[in-house]
Each structure stands twice: as C-alpha cells, then as structure tokens.
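Protein chains in written order, with the working numbering: chain A, 1 to 166; chain B, 167 to 696.
Honestly, the hints are just simulated from the structure, not real lab data. Quick caveat: nothing in here was measured; it's all calculated off a predicted structure. Treat the hints loosely; a few may be bogus.
Cβ-Cβ distance ranges computed for the label pairs, FRET-style [what the hints assert, rightly or not]:
| no. | chain 1 | residue 1 | chain 2 | residue 2 | range |
| --- | --- | --- | --- | --- | --- |
| 1 | B | A173 | A | P98 | 31 to 41 angstroms |
| 2 | A | P148 | B | E233 | 20 to 30 angstroms |
| 3 | A | G162 | B | Q367 | 35 to 45 angstroms |
| 4 | A | G3 | B | T374 | 42 to 52 angstroms |
| 5 | B | A435 | A | P148 | 51 to 61 angstroms |
Computed footprint of chain A on chain B, listed as stretches where at least three residues anywhere in the stretch have a Cβ under 8 angstroms from a Cβ of chain A [stated by the list, open to error]:
| no. | segment |
| --- | --- |
| 6 | 224-234 |
| 7 | 308-322 |
| 8 | 648-657 |
For each residue, glycine too, the CB sits at the ideal point set by N, CA and C.
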Amino acid sequence: MTGRWHHLAMGTLVSLLVVFAVAWLSERPAWQSLPEDVALIRLSFTQSGVRNCRARTEEELAALARNMRQKQICDRRRAPVYVELDLNGTTVLARDLPPTGLSGSGPSRIYQRFELPAGDYDIALRLRDDPAMTGFTNTAERQITLEPAENLAIDYDAEAGGFIFH
Amino acid sequence: MTGLRTALRRGFDRAERALDQLFGADWNPLAHLGTIGWFLFWTVAITGIYLFVFFDTGVTAAYSSVEWLSQDHWWHAGVARSVHRYASDLMVLVMFTHLIREFAMDRYRGTRWFSWVTGVPVIWFVYLSGITGYWLVWDKLAQYVAVTTTELLDTLGIFGEPIARNFLAPDMLSGRFFTLMVFLHIAIPLLLLLLMWIHIQRITDARTRPPRGLAIILLVALVAGALAFPAPLQGAADLATVPQRIGIDWLLLSLYPVIESVPSGVIWAGVLVFTILLVGLPWLPPKSEGGAAQVFLDFCNGCGRCVADCPYTAITLEPRSDDAPFQFEVAVNSARCVACGICMGSCPSSSPFRRSGDLITGIDLPDYPLAELRAKVIDAAEALTGGAGSGRVLTLACGHGAGQGAAPGRVELPCVAMAPPAIFDYIISRGLADGVCIAGCAERDCQNRFGVEWTRQRIARERDPYLRARVPRERLLTVWAGVTEEKRLGRDIAAFSQRLAALPAFENIRPIADEEKAAVQKTTSRSAAE
C-alpha cells in the first residue's frame with residue numbers, strides 16, 4: 001500500500017485514535033462534585049426591607065399640588081433584611097442583607113449553600129425586615145431528614161405566609 | 167520567550183514530520199489547524215440544525231426528546247448528536263493547538279497582531295457555545311453545569327434576582343428558560359462565526375476548507391467515534407437532588423471543577439488576566455520587523471503580480487498618480503506588510519542582470535533590497551571552494567526552515583519566494599556556482615503562507631515571473647525542510663553537488679566583469695551607508 005491509500009489508511013487510524021481519546025475525555029474521569037454522603041440546603045429569597053417613613057404635616061401637604069398629596073413620605077433607601085438560620089441549635093447564618101441598587105432602593109437578596117452530612121436536623125429560621133421592631137417578622141421551625149444527595153431549597157414569600165421548604 | 171518559542175517550534179516540527187509520513191505533507195493536520203477548525207464548526211452547525219428538528223424545549227420534554235433521539239433513533243439522530251459533541255470537543259483541542267503553534271511559529275506579533283487578537287474572543291465564544299449546548303440536554307451533567315454557571319454569574323451582582331434561583335426547586339424551573347437557552351445556543355455560535363470571519367480578514371485567499379482527503383478522514387473518524395462511543399446521557403436532571411459524581415467533559419467543561427474549588431473572585435480575575443495577557447502577547451515584547459515594502463514608480467507598470475502574490479493583502483492596485491502611460495500603480499499598506507519580500511520576487515523588474523545605474527526594482531524591501539541580495543549572492547559565491555564544474559552549490563535559504571543561520575555559500579532570505587527566478591539564472595549564467603539550492607521551509611506549511619507554492623510555480627513556469635527556459639533545470643534543487651531537518655538539507659546538498667560535478671561543464675557562462683562587480687560593491691556600500 002503506497003501513496004494516497006497509505007495516507008488515507010494511516011491518517012484515518014490516527015484520527016480515529018484522536019477521536020476516541022476525545023470521546024473518552026468527554027466523560028471520564030468522573031468528577032466528584034459533592035461527597036457521597038452529603039446533602040445540600042440552599043437558602044435563597046428576595047425580600048424588600050421596610051422604608052423609613054413619616055406622616056407629612058398639614059403644612060407640607062398644603063404646599064403640594066393636589067394630585068401629589070400623599071400622606072406619607074419615605075426615604076428612597078430600604079432597610080436591610082436580617083436573617084438567621086439555626087441547625088440543631090447552632091446558628092450557622094446570622095446576616096444583615098443590604099438592599100440592592102445604587103440607591104439601596106431594591107430588595108435584599110440571598111443565595112447561600114450549606115453542604116451537610118446526611119441525617120436528621122432541627123432547622124430554625126428567623127427573618128426581620130424592619131430594624132425598628134423587636135423580635136422577628138417571620139420565623140419557622142422544622143425537623144427534617146436529609147438523604148444523601150438531597151437538595152432542600154428554602155425560599156421566603158411574605159404573601160404566602162413566610163418560609164417555604166421545597 | 168524566544169527560547170520557549172524555539173523549543174516549541176522544534177517540537178512541532180518533529181511532530182509534523184511524523185505526521186507527514188502518516189498523512190502526507192499536503193494533508194498534515196497540524197498544518198491545517200485553521201481549516202480544520204472551520205470544518206469542525208460547520209460539522210457542529212449542520213448536526214446542530216439536524217438535532218434541532220427533534221429537540222423539545224419543555225422542562226421534562228427536553229431530556230425525553232434527547233433520550234428519544236439518542237436511543238430510539240440512534241442510527242441517525244443519535245449519531246448526529248455524538249458527532250455534534252465530539253466535533254465541539256475536537257474544536258477546543260484544535261483551537262488551542264492552533265494558538266500554541268502560531269505562537270511557536272512567531273506568527274502572532276508585528277503586523278500579524280490582528281489575527282492573534284481577533285482570535286482571543288473566539289476562544290471564549292467556543293466555550294460559551296459548548297456550555298449553552300450542555301444545558302439543553304437537561305440531564306444531570308446539564309443540571310450541574312447550569313447550577314454552577316448561574317451561581318458563578320450571580321457573584322457578579324449584575325442580575326436583579328439571582329439567576330441560580332431558577333434551579334432552586336423543580337417547580338421553579340420554567341420551560342421558557344429552555345427557549346432562552348436554545349436562542350443563546352444559536353445566537354452565540356452565529357457570533358462565533360462572525361468572529362472567525364473577522365479573524366481571517368487580513369490574509370489573502372484565507373483557506374477555510376481543509377483538503378478534501380483530510381476532511382473525509384476527519385468525518386469518517388468522527389462518525390466511527392460516534393458509533394463506537396455514543397455521547398452519554400447521565401439520567402434526567404432532578405432539582406430535588408444534587409448531582410454528586412458527574413461524567414464531565416474535560417475539554418469543554420474543564421473549568422467547572424476549578425470554579426467549585428476556588429473563590430469566584432479568583433475565577434473572574436483569572437479569566438480577566440488570561441484574556442489581557444493573551445491580547446497583549448503580541449507586544450510582550452513587540453516584534454522588530456523589516457521596513458514595509460516600498461514602491462518605485464519608475465520601475466512599476468502596475469502589472470499587479472505583487473498584488474496577486476502578497477499573502478497578507480498588503481498591496482493594492484491604485485489609479486496611476488504619475489504621467490507614466492499605465493492605468494495602475496501599486497500601493498503598500500505598511501500596517502499589513504511583514505517584509506517577507508514575496509512581492510519583490512514577483513516583480514518583473516527584479517532583474518539582477520541590470521548593469522546600468524542602481525539596481526532598483528518596482529517594489530523593494532528597504533531593509534533587504536534586491537541590490538543587497540545580488541551583492542550577498544556574489545559574496546557567498548566567493549566563499550565557495552573548488553573551481554567551475556566541481557559541484558559548487560550556492561544556497562538561497564529561507565530563514566524559517568532548515569537553512570536558517572549563516573553558512574558558507576548560503577544566503578538567507580525572509581522567504582525563498584523573495585528571490586526572483588532571474589537570480590537563479592544570474593547565479594548559473596554568471597558562473598557564480600554550478601547549481602542553486604533553494605532551501606525553503608517545510609512543504610506542509612510555509613511561514614509566509616504561499617512562499618513554497620509560488621516558488622514551485624515560478625520554477626515550473628506556471629506562474630509569472632517564469633524561470634527562463636535557458637536555465638538548466640538539473641542545476642536547480644529545491645529542498646523543503648523544517649527547522650529540525652538540517653542534516654537532511656546537508657545530505658541533499660551534498661548529493662546535489664555530486665550530481666553537478668558529474669554534469670558536463672555549463673557552456674553559456676558569462677562571468678561578471680570587474681566593472682560590474684565594482685558597481686555592485688558601490689551599490690552595496692551606498693545601501694549600507696543609507
């Protein structure tokens with residue numbers, strides 16, 4: 001076998017080896033993203049903190065055009081939202097979530113991962129969206145069993161009653 | 167940097183020599199990395215369009231449609247999917263090999279910065295195209311890629327709401343998200359195509375198709391690979407669980423384990439630094455190239471041969487600006503000229519025989535003019551030992567091939583196509599040597615793209631300016647050899663010398679007269695002074 005046939009045969013053989021190597025690398029070796037006996041809790045929500053508002057005085061209202069006479073005046077900036085997460089009685093998260101946006105007028109956000117060994121957990125969650133209040137706007141407690149590789153998502157929706165476990 | 171480049175270049179040369187044996191010089195894949203990249207792009211595009219016919223964008227339908235086409239219709243759609251995937255992977259491999267090779271060949275600096283810099287965004291768009299493709303399958307690998315990507319993107323803080331929330335729980339994922347991903351997976355490759363087109367704008371007759379034989383070989387290998395190792399599916403994505411052990415694509419997704427292992431700030435800084443370094447590489451340090459070619463209108467009739475031969479679109483035909491009775495003249499864009507001298511070799515005015523006045527040609531290199539080439543040839547001839555008929559060989563060597571570096575009887579050129587065919591005639595007919603060896607760079611890939619091809623065609627009298635018929639072909643030797651083939655060049659020259667010595671004496675010699683030699687030396691000393 002000479003000339004072009006030789007090149008065709010040898011070239012195909014070499015190309016095949018390269019493609020096989022590519023196919024192998026396309027799946028192997030496997031990557032262990034999370035240890036086998038570990039589960040994941042993801043706490044993520046978007047919640048707006050309150051604004052600092054006060055009532056306008058009668059003089060202030062009278063100075064405004066009729067269509068602009070809102071009784072309250074609020075700062076543009078929102079208050080941070082405070083959130084706590086306890087696992088088996090230990091606080092693993094206690095954080096003020098600042099408002100978003102250049103002027104701080106947007107909602108506070110969080111997306112936090114907790115990689116935990118599979119097993120039973122007592123979860124306690126507390127959220128406060130008004131720094132002026134004592135105590136919390138919403139709390140939730142739950143006993144859960146995390147299976148290996150389980151993904152527990154915790155969301156928050158004030159209108160739906162508070163913390164939501166997915 | 168020079169040491170690294172030299173080592174890489176020699177390494178590539180050795181690998182390419184081995185592949186020359188297996189594929190043939192004209193099908194050598196390392197000499198066609200750019201065209202293979204284009205071929206793989208179109209392979210991915212065509213198989214992608216075919217797969218789109220069967221793909222469904224629903225949350226659960228996405229995976230089931232891919233499963234259906236991979237299993238029930240494995241013999242056409244499944245093969246297309248595997249080819250789609252492996253061609254994408256191969257594109258990454260080809261792209262980085264191309265990048266390293268161009269660096270090794272020193273074809274990324276000086277006036278060739280444009281192709282290098284425009285190639286940098288191509289890298290990222292290849293990755294983006296691949297990553298968005300992996301999402302669409304919506305298996306466990308897709309879930310891993312989607313979550314890891316969105317978590318990384320969220321660290322930029324530019325999204326109103328964390329986009330990773332889309333993957334928080336099964337009921338939070340919308341089918342519209344897949345519609346968006348399909349759009350991205352089409353739009354990004356289209357932008358990639360645009361970038362690839364820009365990437366080749368500053369070269370003449372840019373090749374975007376590999377030789378047919380090589381294309382067939384690649385296609386056969388891809389289809390065989392797809393049949394032997396069908397692209398895997400790793401089970402439907404389930405947002406209620408976390409993928410723990412994943413069969414990852416180490417060519418397209420190799421950054422993902424790194425993303426998981428180091429803080430996001432390090433990733434973004436790394437991406438930024440890598441990109442800036444890569445973009446800035448042509449100026450670290452900049453290349454000192456010879457001056458751009460200059461046009462001498464008194465010797466230019468606007469024939470356009472240099473326009474046709476320039477490999478970098480650096481020369482254009484313009485309307486005549488003087489009173490000469492010609493329609494055109496040529497103009498050189500100095501920002502594109504690499505001073506390879508191919509234009510000088512193509513100019514019909516480049517005749518070393520001229521004895522009256524200074525030796526000036528229509529288009530000349532200011533740092534290596536035709537007059538200097540003639541003077542160097544005469545000097546090199548004087549260094550040859552033995553008398554006429556003893557097998558004296560004068561070598562015109564490419565500075566990028568096996569003949570690089572000084573040696574007795576050797577004249578180094580930026581490209582062998584810089585030598586006009588008339589100079590071969592001059593050397594033999596003036597009795598400067600018994601024969602001429604034209605030692606170009608490796609046949610598979612000329613440093614200046616067309617130097618080997620043009621030289622061959624001129625000698626074969628297929629391309630203007632033709633080698634004159636009176637030049638005995640047996641007194642010319644062409645050797646195409648890479649930087650690691652010095653020994654072969656030496657052997658070929660020695661064998662050529664023996665053949666020349668066995669030839670009957672060349673009868674038409676008209677030796678250089680003393681006054682001509684004096685004129686040459688005068689021109690040379692004037693050029694040196696300038």
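Do A/G3 and B/T374 keep their Cβ atoms within the hinted range of 42 to 52 angstroms?
For A/G3 and B/T374 the Cβ distance comes to about 27 angstroms; the hint is violated.
Take the C-beta atom of B/A173 and the C-beta atom of A/P98, compute their distance, and say whether it sits inside 31 to 41 angstroms.
53 angstroms, violated
Whether the CB-CB distance between A/P148 and B/E233 falls inside 20 to 30 angstroms
Roughly 25 angstroms apart at Cβ, these two residues keep to the hinted range, so it holds.
For A/G162 and B/Q367, compare the CB-CB distance with the range 35 to 45 angstroms and indicate the outcome.
59 angstroms, violated
Is the gap between the beta carbons of B/A435 and A/P148 within 51 to 61 angstroms?
Cβ of B/A435 to Cβ of A/P148: about 34 angstroms, so the range 51 to 61 angstroms is violated.
Count the residues of the segment 308-322 of chain B whose CB lies closer than 8 angstroms to any CB of chain A, then report whether that count reaches three.
With 3 residues close enough to chain A, the hint holds.
Test coverage of the segment 224-234 of chain B by chain A using CB-CB distances below 8 angstroms; three residues minimum.
Result for this restraint: violated, n = 0.
Given that the segment 648-657 of chain B was listed as covered by chain A, double-check it with a C-beta distance under 8 angstroms for 3 or more residues.
Check failed, 0 qualifying residues.
Against the hints set out earlier in the document, violations occur for numbers 1, 3, 4, 5, 6 and 8.
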